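Number of protein chains: 2
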Amino acid sequence: MADHGDVTVAGPDLELSVTFTFEPIGRVRSPFTKPSEIPKGLGAEHRAEGILEIEARFEAGLVDVEGFSHLYVLWVFDRVDRVELTAWPPSDDRPHGVFATRSPQRPTPIGLTVVELVAREACRLQVAGVDMLDGTPILDIKPYLSSVPHERLRRGWLAEAEARRRE
Amino acid sequence: MADHGDVTVAGPDLELSVTFTFEPIGRVRSPFTKPSEIPKGLGAEHRAEGILEIEARFEAGLVDVEGFSHLYVLWVFDRVDRVELTAWPPSDDRPHGVFATRSPQRPTPIGLTVVELVAREACRLQVAGVDMLDGTPILDIKPYLSSVPHERLRRGWLAEAEARRRE
Numbered sequence: 004m005a006d007h008g009d010v011t012v013a014g015p016d017l018e019l020s021v022t023f024t025f026e027p028i029g030r031v032r033s034p035f036t037k038p039s040e041i042p043k044g045l046g047a048e049h050r051a052e053g054i055l056e057i058e059a060r061f062e063a064g065l066v067d068v069e070g071f072s073h074l075y076v077l078w079v080f081d082r083v084d085r086v087e088l089t090a091w092p093p094s095d096d097r098p099h100g101v102f103a104t105r106s107p108q109r110p111t112p113i114g115l116t117v118v119e120l121v122a123r124e125a126c127r128l129q130v131a132g133v134d135m136l137d138g139t140p141i142l143d144i145k146p147y148l149s150s151v152p153h154e155r156l157r158r159g160w161l162a163e164a165e166a167r168r169r170e
Numbered sequence: 004m005a006d007h008g009d010v011t012v013a014g015p016d017l018e019l020s021v022t023f024t025f026e027p028i029g030r031v032r033s034p035f036t037k038p039s040e041i042p043k044g045l046g047a048e049h050r051a052e053g054i055l056e057i058e059a060r061f062e063a064g065l066v067d068v069e070g071f072s073h074l075y076v077l078w079v080f081d082r083v084d085r086v087e088l089t090a091w092p093p094s095d096d097r098p099h100g101v102f103a104t105r106s107p108q109r110p111t112p113i114g115l116t117v118v119e120l121v122a123r124e125a126c127r128l129q130v131a132g133v134d135m136l137d138g139t140p141i142l143d144i145k146p147y148l149s150s151v152p153h154e155r156l157r158r159g160w161l162a163e164a165e166a167r168r169r170e
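Residue numbers (this note's numbering), protein chains in the order written: chain A, 4 to 170; chain B, 4 to 170.
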């Protein structure tokens, strides 16, 4: 399924560049058809319900998924066609490096969402908390296992932006 | 950087299949050179220190990353060449669907690790908690922002396997 490890010779200085090619395992069914419909920024509530439609050939891989309350979904920003190393997130009035944000315009346009699993029916996972567009390609699903203890977590510019809002 | 959205015609029934091709943004420097050296299973402590070496052309994207205590790292299982829909995790004596596990033999061989950021020096991120092999290609880095409240989290077969061990 994954054709990875292709080595291609790129550029005039024969620098070796490796790329990885992935095929989606399914698609997201979501109420959102335009980016503007997706709640964004500070205090945005991601409670929208959706379906993760996984291809039938992967059904055996979903056994026991229903034991987990939350899942990681890795997916592709398939309707984004540019990269910006500096991002202006809706939750702040200051710019930040793209890797310190969840901006879609990232060098590798992969999204990561934690969803709550409501029910599984064969290859259809009913979930809450989708923030993807309808039809979004899904690359992988993983169990959400544990979390970093609250007292050890620092949230950088986001905590500062929240504090400024409260002032 | 990302050559995504390639549409290829595959198979005798002309089924449309979409693939996505990604180029790594950097490499992991880790003390592990063989999979057997990486702590696995119940109670495995991931405290190993390593370096995320990001390519210099992406340095602007790392601005403000140091404000976050923890980062998500998306990476490629680049030394895995098979897919198993049923996984036998080291933490249990029973099989589970691959999407209910973190098995490397997954349809899309992408790994996800939460690391603690110790320090940043330009494009080198010193981190703790690596469980990748040395040289692993990095696809993306995102801030680790929040966590699911403990009381709402269910951990499926893993909680059951832990309970059986305690009996």
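Think of the hints as simulated: they come from the structure by calculation, not from any bench. Please note: incorrect hints may appear among the correct ones.
To be verified - Examples of chain B residues lying across from chain A (beta carbon under 10 Å, computed): (1) Pro34; (2) Thr36; (3) Ser39; (4) Glu40; (5) Ile41; (6) Val68; (7) Asp81; (8) Asp96; (9) Gln129; (10) Leu148; (11) Arg167; (12) Glu170.
What the hints assert, rightly or not - Partner residues are not named here, just some residues of chain A that face chain B (Cβ under 10 Å, in silico): (13) Ile54; (14) Ile57; (15) Pro110; (16) Val121.
Unchecked claim - Computed far set for chain A versus chain B, every beta-carbon distance over 12 Å: (17) Asp67; (18) Pro93; (19) Asp137.
Owing to the predicted nature of the structure, the values given are computational and were not obtained by experimental measurement. Glycine is no exception: its CB is placed at the ideal position from the N, C-alpha and C atoms.
Taking the hints in turn, this is what the structure says about them:
1. Pro34: Where the cut-off is 10 Å and the nearest Cβ of chain A is about 22 Å from Pro34 (chain B), the hint is violated.
2. Thr36: With a closest approach of 18 Å, the Thr36 (chain B) hint is violated.
3. Ser39: violated, 21 Å
4. Glu40: violated, 22 Å
5. Ile41: violated, 16 Å
6. Val68: Cβ of Val68 (chain B) sits 5 Å from chain A, so the hint holds.
7. Asp81: holds, 6 Å
8. Asp96: violated, 14 Å
9. Gln129: For Gln129 (chain B), the interface hint is violated, since the closest Cβ of chain A sits about 15 Å away, which is over 10 Å.
10. Leu148: holds, 6 Å
11. Arg167: Given a least distance of 14 Å, the restraint on Arg167 (chain B) is violated.
12. Glu170: violated, 19 Å
13. Ile54: violated, 15 Å
14. Ile57: It holds, given that the least Cβ distance between Ile57 (chain A) and chain B is near 8 Å, below 10 Å.
15. Pro110: holds, 5 Å
16. Val121: Because about 12 Å separates Val121 (chain A) from the closest Cβ in chain B, which is outside the 10 Å limit, the hint is violated.
17. Asp67: violated, 4 Å
18. Pro93: holds, 14 Å
19. Asp137: holds, 15 Å
The structure is inconsistent with the numbered hints 1, 2, 3, 4, 5, 8, 9, 11, 12, 13, 16 and 17, although it conforms to all the rest.
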